[in-house]
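A.B. asks: These are the residues of each chain, in order.
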Amino acid sequence: GDSVTQMEGPVTLSEEAFLTINCTYTATGYPSLFWYVQYPGEGLQLLLKATKADDKGSNKGFEATYRKETTSFHLEKGSVQVSDSAVYFCALRTSNTGKLIFGQGTTLQVKP
Amino acid sequence: DVKVTQSSRYLVKRTGEKVFLECVQDMDHENMFWYRQDPGLGLRLIYFSYDVKMKEKGDIPEGYSVSREKKERFSLILESASTNQTSMYLCASSPGQLYGYTFGSGTRLTVV
Numbered sequence: 057g058d059s060v061t062q063m064e065g066p067v068t069l070s071e072e073a074f075l076t077i078n079c080t081y082t083a084t085g086y087p088s089l090f091w092y093v094q095y096p097g098e099g100l101q102l103l104l105k106a107t108k109a110d111d112k113g114s115n116k117g118f119e120a121t122y123r124k125e126t127t128s129f130h131l132e133k134g135s136v137q138v139s140d141s142a143v144y145f146c147a148l149r150t151s152n153t154g155k156l157i158f159g160q161g162t163t164l165q166v167k168p
Numbered sequence: 017d018v019k020v021t022q023s024s025r026y027l028v029k030r031t032g033e034k035v036f037l038e039c040v041q042d043m044d045h046e047n048m049f050w051y052r053q054d055p056g057l058g059l060r061l062i063y064f065s066y067d068v069k070m071k072e073k074g075d076i077p078e079g080y081s082v083s084r085e086k087k088e089r090f091s092l093i094l095e096s097a098s099t100n101q102t103s104m105y106l107c108a109s110s111p112g113q114l115y116g117y118t119f120g121s122g123t124r125l126t127v128v
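These protein sequence lines are chains P and H, in that order.
Heads up, the first sequence is in our numbering, so the first residue is 57 and it goes up one at a time.
Heads up, the second sequence is in our numbering, so the first residue is 17 and it goes up one at a time.
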């Protein structure tokens, strides 16, 4: 079945460091891919998305490129801030099931 | 912006009580979903609905039921609350099958 695998956390970085959170997927058909962010005590917010191969999603300095050849959608940010501390979820959705399939989430801690 | 509103942020209920969690969205979305989120287990789909009066079981429907009498409202019902249903409950909606979800802020339910 469809699945998403994320790198395990927590990821701890100093402010202004470069961030990569790895995400790979397995899916039948052609999924749309998403990154969600969850701040403490809150629901999930859509961070960015890509709907076809080679698309790049971007928002708030975060980027991710839909790589069909490597079935990956890694999240990157050039310079993280303390306010980026949160849990990040990679997810996919296909027309086969219509359901959003989530990875386990990666906790990011950014220290001043 | 689409808004998904969950009626309570925090709830405390007693074992055996019937519990209603309400979710309302204001953008005429077809699809609505209920998840629970637990540490170490990620997000698990309880029930979902693709249209009014339609409902489908997710991955963990046992002990829960749902109601969708109107398009904008999707209610999750715990027929007889148990302590193992203590969790964060997240509602989401979506306009269609390849779109992302918009989440509510969550309801943290404690069953004592």
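One thing to keep in mind: the hints can contain errors.
Stated by the list, open to error - Capping the alpha-carbon separation at 20 angstroms, the derived lysine to aspartate or glutamate pairs in DMTMM-like fashion look like this:
no., chain 1, residue 1, chain 2, residue 2
1, H, Lys73, P, Glu98
2, H, Lys19, P, Glu98
3, H, Lys87, H, Glu72
Since the hints were derived computationally from the structure, they do not count as laboratory data.
A.B. asks: Hint by hint, say whether it matches the structure.
C.D. replies: These are the hints, each one checked on the structure:
no.: 1; hint: H:Lys73 <-> P:Glu98; result: violated, 25 angstroms
no.: 2; hint: H:Lys19 <-> P:Glu98; result: holds, 14 angstroms
no.: 3; hint: H:Lys87 <-> H:Glu72; result: holds, 15 angstroms
Comparing the model with each earlier hint shows a violation of hint 1 alone; every other hint is respected.
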